[in-house]
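Asker: What follows is the residue order along each chain.
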Amino acid sequence: MKYQTVIGLEIHAELCTESKVFCSCKNGFGFSPNTNCCPVCTGLPGALPVLNSKVYEYAIKAGLSMGSKISKYSVFERKNYFYPDLPKAYQISQLEYPLCIGGHIELELNGVTKIIRLNRIHVEEDAGKLIHSENKGSLIDFNRCSVPLIEMVTEPDLRSAQEAVALLEKIRQILVYLGISTGKMEQGAMRCDVNVSLMPEGSSVYGTRTELKNISSFRSVFAGIEYEVKRQTDILEKGGKVIQETRRWSDEKMQSFAMRNKEESQSYRYFPDPDLLPITVTPEYVQSIMAKLPRLPEQRIKQYVTEYNLPIYDATLIASERETAEYFEDCLALYNKPKEISNFIMSDILRLIKGQNQSLKNIPVNPKKLTDLLKMVSDGKVNVTVAKTVLEEIWKTDEDPEKAVVRMGLMQVNDMAEIEKIVREIIAQNPQAVEEFKAGKSKALAFFVGQIMKATKGKANPQIVNELVIKLINI
Amino acid sequence: MDYTLLTLLEASKLLKDRKVTSVELTKSFLQKIEQTKKLNTLITICKADALATAEKADKIIQSGVAYPALTGLPIIIKDNISTKGVRTTCGSKFLKNYIPPYNATVVEKLNAQNAVLLGKANMDEFAMGGSNEHSAYGNVLNPLNNEYVPGGSSGGSASAVGANLCLASLGSDTGGSIRQPAAYCGLIGLKPTYGLVSRFGLVAFASSLDQIGPLTKTVKDSALLLSVIAGSDEKDSTSEKFKLPDYNKCFTDSIRGLKVGISKEYLNLFMSDETKVSVNSVIEFLKQHGATLVDINLKNIDLSLSVYYVVACAEAASNLSRFDGVKYGVRAKDYKNLSELYFKSRTQGFGEEVKRRIMLGNFVLSSGYFDAYYKRAKKAQQAIKCEFEKAFNICDVIISPTTPSTAFKFGEKTDNPVEMYAADVYTVPVNIAELPAISIPCGKGQNNMPIGIQLIGKKFSECTLLNTADYIEKHYSWEGK
Numbered sequence: 016m017k018y019q020t021v022i023g024l025e026i027h028a029e030l031c032t033e034s035k036v037f038c039s040c041k042n043g044f045g046f047s048p049n050t051n052c053c054p055v056c057t058g059l060p061g062a063l064p065v066l067n068s069k070v071y072e073y074a075i076k077a078g079l080s081m082g083s084k085i086s087k088y089s090v091f092e093r094k095n096y097f098y099p100d101l102p103k104a105y106q107i108s109q110l111e112y113p114l115c116i117g118g119h120i121e122l123e124l125n126g127v128t129k130i131i132r133l134n135r136i137h138v139e140e141d142a143g144k145l146i147h148s149e150n151k152g153s154l155i156d157f158n159r160c161s162v163p164l165i166e167m168v169t170e171p172d173l174r175s176a177q178e179a180v181a182l183l184e185k186i187r188q189i190l191v192y193l194g195i196s197t198g199k200m201e202q203g204a205m206r207c208d209v210n211v212s213l214m215p216e217g218s219s220v221y222g223t224r225t226e227l228k229n230i231s232s233f234r235s236v237f238a239g240i241e242y243e244v245k246r247q248t249d250i251l252e253k254g255g256k257v258i259q260e261t262r263r264w265s266d267e268k269m270q271s272f273a274m275r276n277k278e279e280s281q282s283y284r285y286f287p288d289p290d291l292l293p294i295t296v297t298p299e300y301v302q303s304i305m306a307k308l309p310r311l312p313e314q315r316i317k318q319y320v321t322e323y324n325l326p327i328y329d330a331t332l333i334a335s336e337r338e339t340a341e342y343f344e345d346c347l348a349l350y351n352k353p354k355e356i357s358n359f360i361m362s363d364i365l366r367l368i369k370g371q372n373q374s375l376k377n378i379p380v381n382p383k384k385l386t387d388l389l390k391m392v393s394d395g396k397v398n399v400t401v402a403k404t405v406l407e408e409i410w411k412t413d414e415d416p417e418k419a420v421v422r423m424g425l426m427q428v429n430d431m432a433e434i435e436k437i438v439r440e441i442i443a444q445n446p447q448a449v450e451e452f453k454a455g456k457s458k459a460l461a462f463f464v465g466q467i468m469k470a471t472k473g474k475a476n477p478q479i480v481n482e483l484v485i486k487l488i489n490i
Numbered sequence: 373m374d375y376t377l378l379t380l381l382e383a384s385k386l387l388k389d390r391k392v393t394s395v396e397l398t399k400s401f402l403q404k405i406e407q408t409k410k411l412n413t414l415i416t417i418c419k420a421d422a423l424a425t426a427e428k429a430d431k432i433i434q435s436g437v438a439y440p441a442l443t444g445l446p447i448i449i450k451d452n453i454s455t456k457g458v459r460t461t462c463g464s465k466f467l468k469n470y471i472p473p474y475n476a477t478v479v480e481k482l483n484a485q486n487a488v489l490l491g492k493a494n495m496d497e498f499a500m501g502g503s504n505e506h507s508a509y510g511n512v513l514n515p516l517n518n519e520y521v522p523g524g525s526s527g528g529s530a531s532a533v534g535a536n537l538c539l540a541s542l543g544s545d546t547g548g549s550i551r552q553p554a555a556y557c558g559l560i561g562l563k564p565t566y567g568l569v570s571r572f573g574l575v576a577f578a579s580s581l582d583q584i585g586p587l588t589k590t591v592k593d594s595a596l597l598l599s600v601i602a603g604s605d606e607k608d609s610t611s612e613k614f615k616l617p618d619y620n621k622c623f624t625d626s627i628r629g630l631k632v633g634i635s636k637e638y639l640n641l642f643m644s645d646e647t648k649v650s651v652n653s654v655i656e657f658l659k660q661h662g663a664t665l666v667d668i669n670l671k672n673i674d675l676s677l678s679v680y681y682v683v684a685c686a687e688a689a690s691n692l693s694r695f696d697g698v699k700y701g702v703r704a705k706d707y708k709n710l711s712e713l714y715f716k717s718r719t720q721g722f723g724e725e726v727k728r729r730i731m732l733g734n735f736v737l738s739s740g741y742f743d744a745y746y747k748r749a750k751k752a753q754q755a756i757k758c759e760f761e762k763a764f765n766i767c768d769v770i771i772s773p774t775t776p777s778t779a780f781k782f783g784e785k786t787d788n789p790v791e792m793y794a795a796d797v798y799t800v801p802v803n804i805a806e807l808p809a810i811s812i813p814c815g816k817g818q819n820n821m822p823i824g825i826q827l828i829g830k831k832f833s834e835c836t837l838l839n840t841a842d843y844i845e846k847h848y849s850w851e852g853k
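Protein chains in written order, with my numbering: chain H, 16 to 490; chain Z, 373 to 853.
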C-alpha cells in the first residue's frame, strides 16, 4: 500500500529583544555560564515576573506577517514540570488564550503555491541549558532562562520533508526580515518539534502520530522526517501499529529513539499564572504595529520584476534579505537604473561584504556613493572595469568616488589624439601582430586593445581604442 | 521606664523629643527577646545589624534633619519576606540555609527609613497553617497564655508584638494569617487590599491571595506602618497604580453616617455563643454611635472555604515546585537518579501540612479534574466577588467575627485538618474577594483569651477601616478590657 505522509510542526523562535521576557537581564548569546541571570529568571523564592512589552510587540509583528488574528485578550499560564534547566519548575507559556490565532504561510514549491495553515502563535519563555560533562556530572547554565520565545504551531498540512524544510526556511526568512529574531540556528535561535504520521493514500483519516522533540537544524528535520516515514512505513507494512509517543532524534546515529509514550506523557497542570494579569491589546496598538511592518520578500520580488524589469533571479536574490532590498531601493531612489544597480550589488557589494561581518546599513559605500559611481560610468568618465577598482578603493578609504578617481588618475581618456599616439606606438612595436590581424585573425585585435588598455592603465575609452586600432592598421 | 511597652507612635515621639535613643530602644527589645526565648517567636535574631542600624538612625535623628517616620524604630518581620544576606526560612527545614541575594520591596522600604530589623519571625511552614504548630522550628507560644496557640500562620509576628519584643511587625495574609493571630493575641491585624502592598520578595504561598500587612498594638500604629509599606511597585505586575491617601490622616473620631453591612449568611456560618454575644454588642455600639445598619446578601459566602482550599493549594503546588533540591535548600544525600533526587529531597524537606496541600493542589490541577475543581472554584470565586461588590454599593464596611471562637490549645486540632481549616471561615472570603480587612479586639472568652472583630471594606478603603477600627478601639469597652 502507498502511504501519504502527514506532518505538523511546532516551531520555537527566540526573539531578539534587548532584555529578557520577564526580567531586565540582557537577552544575548555567549555570556559565561550563569553571569546573565537574576532572582527573577532563576526563579528565586519571592521573585516575580513582569512582562517586557517589546516581546509582545515582536510577537504581534510575527502574527500580522503570517496572517494571524491578534487576540484582544491573552493569558500567560504556567506549564508545570520538573527539570533541572527549569528553575521555577514551571514554564510561563500560553495555552487557552494565545496572543495570535490562526494564520497561514504560502510556500512556492516547484512552481506550485501551497498554503500551510497556522493554528496559533504564542509567547513563552525559554529554559536554561544542561551541560553534561564527563568528570563534573551535569552542569546548569541559567543564562538562557526567560529568553523570549514564540511558538508557531502549524496544522497538519505538510506532506513531505521537503515541504517541512521549505516552511522552516520561509518562516526563518520572515522572522529575520521583521528584525524580531536572529534566525541563527547554530545558536539555537530556532528549534522545532516535528509530528509525523502516515495514512493510506487517498484517505482523509490521519494515522497515529509520533513527535520528534527539539530538533535544531533544517538538515536534521529533513533526516528525522525521512527516517520516521520509513520506520512507520515498515511497521504498517508488517501489519503493526504505530504507537503514539515522543521520540528523540540523534544526529550522530541518524535514528530516532522512543522517549515516552502516551501513558507516560506528563500532565503539565496548566493554569493561569497569578503573577501576571491577563493582557489586553487594543486594535489601535495592533494598527500602529501594522503601519510599521516592512514589506516582505514576495511583495518586493513582484515589484522588482514587473516595475523595474529585473530578471527573476536578480529580484529574488536582492529581496531575499531585508538589508539588501532596502539598500537596493535606496540606490534606486537616487539613480533610476535598476539593472545597473542590481549588477553592482550582486557582483561587487555582496562579494565585498561577505565574510566581513558588516551590515549593509553601515558599509562605507552607501547608496549615494554607489550611485555616484554608476553615474560616472554612464557619463563616460570611467569604464565599468575601472569602476570596480574604484569601488574596492573607496570601500577602504571612504572617499567620494569622483575624488578617488581623480586622485588615482583613472579618469577615462576620451581624447582621440592622445589615444591615437599610444595606438601608433603599440602598432609600431608589434609588426607580427599586425600581419596576423591583416591575415584575418580576430585574436590580434583583442591583443592590441589589451596592450593599449594596459599602457593607459585602463583609462582609455575602449570604444575609441577599438575604432582606432582597426582604422590605423588598415591604412 | 520599660520602653518595650510603648506603642510605635509613642516610641516615635520619644525619639523625636530625644528622650530616648534608637540604640536604647533596640537594646531593650533585644534584652526582652533574650528573656522570652521560650515563646520561640524568632527564627533568626539580627542583633549586630539591628544595633548598627540603630546607631545610624541615632546619628540621623541627632543631626536635626527631617527624617522618615520609622527611623530608628525596632520591628520584626515574618520569615517569608526576603532579606538580603539574612536567611529566610519560611518556617521550613527546606530553606534552613537559604540566604536571599536580594531584598523584598517592603524590606527596601523599611531600610530606606532606617527602621531597625530585630529579627525574622517564626511561622507555619510556607504560611500554611493557623496555629503555628506547623513550623519546622517548633511551636510559637501565645504570650497571653502559653498553653494556647498564637494563631497562624503569622504566629511569630503576632506573638512578638503581644510579648513586647518589638514595636510592630509584618505578617502575611493568604486566608487570614495576619487577622487570625491578631485576634488570638489581642492585637490589631490589617490585611490590605490585594495589590496595595508589593509582593515582590514575599515567598509565595498562593500568589493571587497573598498580601503583606502590619500587626500592631494600636490602630494608629497600623496606619503608620501601612503608610510606609503601601504603594505600587513596577516589580510586581499585580500591584495597583493609584494615588495613596495619607493613612495617618484617616482619623475623624466619628462614625456618624457610616453604613455597616450585616449579612445573616455570613454571621451564621459558624461561631461560638460567646463570640456571637461580643459581635452583637459591637454592632449595637456602632448603631448607638451614629452608624446605620444595612442588611446585605452574601448567599454564596459558604462556598468560600472550598474555593479557598482549591485555589490556594493549586497555586501553592506550583509555587513550591521550585523547591526541588537542585539549586538551594535541602538536597537528599542518597539518590540514584534525577527523579530520586526530587522525590527524596522534597520528602525530607517538607512538613506534613505542606505535603498535604501540594498533593491537593496537584490533584485539582491535573487533567481530568481541572474543570471540575479549579475552574469551578474560580467561577464560585467570581460569584463571591460580585456579591461583595453589590453589597458595597449599599454599605461602607461589613462586620463579622475574625474567628469562630477564641484561641485553642496546642494539639487540639492537629489531628483534624478540616476542623483546623474551618477556623479560617470568616477570614478567607476577604482574600478571595481581594478586599481589605482589619481585626481588632472586642472582648474576652471564658478561657480569658481575646475575641476579635473583623471589619471588611471595599477595595482600597483602608482609610474607612482604620477610622472605624480606631473609633471602636477608643470608645468601645468590655468587661476586662
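Do not take every clue at face value.
What the hints assert, rightly or not - Here are the simulated lysine-lysine pairs, DSS-like style, with alpha carbons at most 30 angstroms apart: (1) Z:K659 <-> H:K41; (2) H:K94 <-> Z:K659; (3) H:K151 <-> Z:K716; (4) H:K87 <-> Z:K831; (5) Z:K750 <-> H:K87; (6) Z:K716 <-> H:K87; (7) Z:K762 <-> Z:K659.
Just so you know, these hints were derived from the structure itself, not from any lab.
Since the model is a prediction, treat every value here as computed from it, not as a measurement.
Asker: Any of the earlier hints contradicted here, and which numbers?
Answerer: Hints 1, 2 and 6 are the ones this structure does not satisfy, whereas the remaining hints hold.
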